[in-house]
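Start from the sequences, fold in the hints, and give me the full structure.
So the protein lines, in turn, are chains A and B. Residue numbering for the first sequence follows our numbering, starting at 1 and increasing by one per position. Residue numbering for the second sequence follows our numbering, starting at 1 and increasing by one per position.
Quick caveat, the hints were computed from the structure, so don't treat them as lab data. Mixed in with the good hints, there may be bad ones.
Since the list can't tell identical chains apart, any single copy or any two copies may satisfy a pair.
[Stated by the list, open to error] PhoX-like mimics (lysine-lysine), calculated; alpha carbons at most 25 Å apart, straight line:
id, residue 1, residue 2
1, Lys123, Lys158
2, Lys78, Lys323
3, Lys404, Lys366
4, Lys219, Lys186
Number of protein chains: 2
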Amino acid sequence: MSILIKNVILNEKETDILIQGNTISKIQPNIQDKADKIINGKDKAVIPSFMNSHTHAAMNLLRGYADDMELHDWLQNKIWPLEAKLTNEELYWGTKLACLEMIKSGITFFNDMYFFKPEQPGKNAITAAIESGIRMCAGHVLLDFNPENRKKEFELQKQLISYVKELNNPLISVAVNPHSIYACSKQALLECKKIADENNLNIHIHLSETEKEVKDCLKQNKLRPVEYLEKIGFFKGKIGNIIAAHVIHVNDNEIKILKKYQVKIAHTPVSNMKLCSGMLPYAKLKKSGLTINLGTDGCASNNNLDMLEEMKFATLLQKINYKNPTLMPAKEAFELLTINPAKTFELNCGEIKEGNLADLLLIDLKNINLNPRHNLISNLVYSANRSCIDTTICNGKILMLNKKVPGEKEIIEKANEVAMKLVGR
Amino acid sequence: MSILIKNVILNEKETDILIQGNTISKIQPNIQDKADKIINGKDKAVIPSFMNSHTHAAMNLLRGYADDMELHDWLQNKIWPLEAKLTNEELYWGTKLACLEMIKSGITFFNDMYFFKPEQPGKNAITAAIESGIRMCAGHVLLDFNPENRKKEFELQKQLISYVKELNNPLISVAVNPHSIYACSKQALLECKKIADENNLNIHIHLSETEKEVKDCLKQNKLRPVEYLEKIGFFKGKIGNIIAAHVIHVNDNEIKILKKYQVKIAHTPVSNMKLCSGMLPYAKLKKSGLTINLGTDGCASNNNLDMLEEMKFATLLQKINYKNPTLMPAKEAFELLTINPAKTFELNCGEIKEGNLADLLLIDLKNINLNPRHNLISNLVYSANRSCIDTTICNGKILMLNKKVPGEKEIIEKANEVAMKLVGR
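See the structure below:
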């Protein structure tokens with residue numbers, strides 16, 4: 001399959017772009033090569049597609065189900081009781097809905113952390129991602145409440161790794177997902193790291209999200225969360241394969257440790273604001289040279305999967321956090337969902353250049369939110385919404401064209417039905 | 001002109017709605033009356049349209065022109081030099097673009113503060129609003145730098161008031177707009193209030209936006225801004241006709257004064273974050289019983305006119321401000337752009353009921369951001385973007401139908417052209 005995009009704007013200049021297979025093979029004006037599909041790029045700009053570095057995709061089923069609550073009330077009385085009942089059918093339809101929303105929002109990769117249920121037959125969250133055509137790093141969230149449960153959870157981790165290996169799908173990868181230091185024992189954390197290192201996988205973990213997490217850790221271990229992880233040897237072995245979500249309540253020593261072990265950060269500003277977790281110490285983390293990526297978190301605490309919106313929240317939250325309007329300028333905010341996660345997840349994308357994966361978006365320059373056209377990146381960061389995205393291409397395949405995704409009505413209808421059944425309506 | 005909306009969802013129930021002239025005349029299932037226009041409301045919900053309580057509409061021309069700068073650098077080197085050059089043609093096209101964006105974002109009223117230039121022939125900002133069909137409270141921002149300029153500015157105020165009276169257009173009102181305590185002398189402030197009272201108009205002023213404003217006022221007057229305004233007698237005369245934008249840096253005594261004189265607040269969270277002005281003390285203001293309304297501010301410090309986005313920023317900013325996730329729940333956030341401004345601007349709208357003005361929106365319930373359908377208000381506040389808005393009706397007139405506004409392409413094209421010329425490209 002080859003795609004030729006004619007007369008599209010790239011860095012303020014008009015050009016053609018040829019995609020062959022899954023790769024951007026040629027960028028130059030007036031390409032004469034034949035292609036299976038020609039897209040008229042007139043009045044459109046091409047930009048890299050977005051990467052969602054931390055989410056719980058199937059939670060899309062819970063969008064709007066419970067808001068404006070205290071964290072523990074919310075978790076214990078609303079979220080956990082429903083999650084305990086989740087079946088593969090619900091995980092499948094929740095992830096279908098999430099993937100559809102992500103395609104419509106320009107996202108072509110998501111780092112997921114949710115449930116793998118191989119004991120249930122039929123389709124699951126990974127099936128949903130494969131059908132959607134976007135990239136997924138799958139994970140089964142490991143909750144380690146007692147030794148028996150721990151054994152079962154590690155069994156699932158192993159099954160998930162085998163399952164993904166057998167799929168042998170270049171779009172689907174897998175990571176090891178210990179939930180957090182407060183939901184996993186030392187033993188479980190170290191076992192997770194061992195499995196990750198042995199299988200050359202990433203670790204994906206929640207870290208230093210709330211003040212309570214820090215207080216409890218200090219009480220139990222006389223150490224702050226990052227110090228505790230260093231102490232128990234969690235950072236040993238392979239360096240640079242840990243993606244930590246949130247990382248809000250860290251002091252200078254903890255930042256040093258994170259830097260030493262090249263821990264990657266998944267920042268989720270909307271969720272952090274909605275749940276009142278706190279504000280990422282962005283300026284300090286950035287200064288230390290850590291790689292910061294953006295994520296939406298799950299839909300129950302956001303309540304959407306819109307990286308354009310997330311990016312505006314990210315930069316505005318940091319400006320007010322540090323009382324510095326020059327902090328995280330538009331170009332830097334844009335990197336949090338493109339170049340930075342491409343590095344973090346070792347994907348050859350995040351920039352439009354020859355040889356890169358054809359993971360890209362066509363942006364509708366006639367959209368009112370992108371006019372006047374003083375500055376495209378500023379307009380994308382501070383003004384745009386997903387109605388500005390016209391076309392989404394992942395791995396050389398067109399997933400959305402002219403704002404239409406094949407089958408979208410049916411997915412929305414069915415996911416809504418499944419969600420209503422889940423909450424007992 | 002009459003409009004019959006069939007089978008639309010209102011408060012979770014299906015009904016018909018009949019609009020006659022500019023009024024919602026009947027709400028009940030299965031209305032049999034004839035109507036000039038019938039709209040199929042299937043899979044749509046009807047909600048009140050939004051009111052934008054503080055903006056500088058024509059600044060839409062400057063969207064993305066200058067971001068990520070220190071406030072004074074930004075104003076002195078970017079915004080003011082351009083504003084000094086603004087012609088009526090630019091004010092007209094900037095406001096055309098703004099009104100179009102507002103219609104597409106569900107806004108049918110805006111409280112404007114910008115420039116009136118009667119010495120220039122032809123169309124102006126008010127013409128643009130009239131052509132668009134949305135309600136405008138017009139204002140000429142009064143900057144009082146020297147006695148000669150003051151005289152000229154008050155002449156313009158008077159001319160603007162006469163101009164709007166002569167228009168005799170029910171959609172166009174006018175207010176008196178002293179810029180702020182730091183850009184207006186005591187004499188000018190009092191003169192503004194006198195003119196407003198005599199003509200039964202609102203005052204629209206920036207107040208306590210930055211810490212600098214408070215510090216300077218303390219230095220010059222030994223009083224904080226609100227105390228200063230009380231001291232000079234600005235609040236005397238008619239009560240309840242002052243709309244103050246921002247109102248961030250106020251202490252308990254100032255809140256008492258604001259309450260005593262029923263000052264209405266226009267809160268602009270996105271602008272406050274982008275310019276690092278600070279966080280509105282919402283819980284205190286709310287507790288004191290003050291009426292709080294939402295505004296987008298101008299496009300140069302936002303950079304859009306999207307009340308759905310503004311609403312999400314408002315509630316999330318307050319949650320993190322007070323570290324309280326239960327603060328400003330969805331329903332309350334929704335009131336900031338509907339019921340509250342309807343009271344503030346004394347318009348018989350903000351709710352869908354018989355006898356109210358037909359200022360309303362049809363929402364596309366099939367939009368992915370509104371699914372699953374656990375809770376429409378939550379979905380509107382936390383998940384929606386303007387692609388969820390299908391139809392905008394103002395004063396009984398359809399301004400947008402099926403997401404299309406007549407002539408939108410031409411407005412965007414021409415406004416972009418005018419903006420490029422303005423910045424010298």
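Hints the structure violates: just list their numbers, smallest first. Result: no hint breaks.
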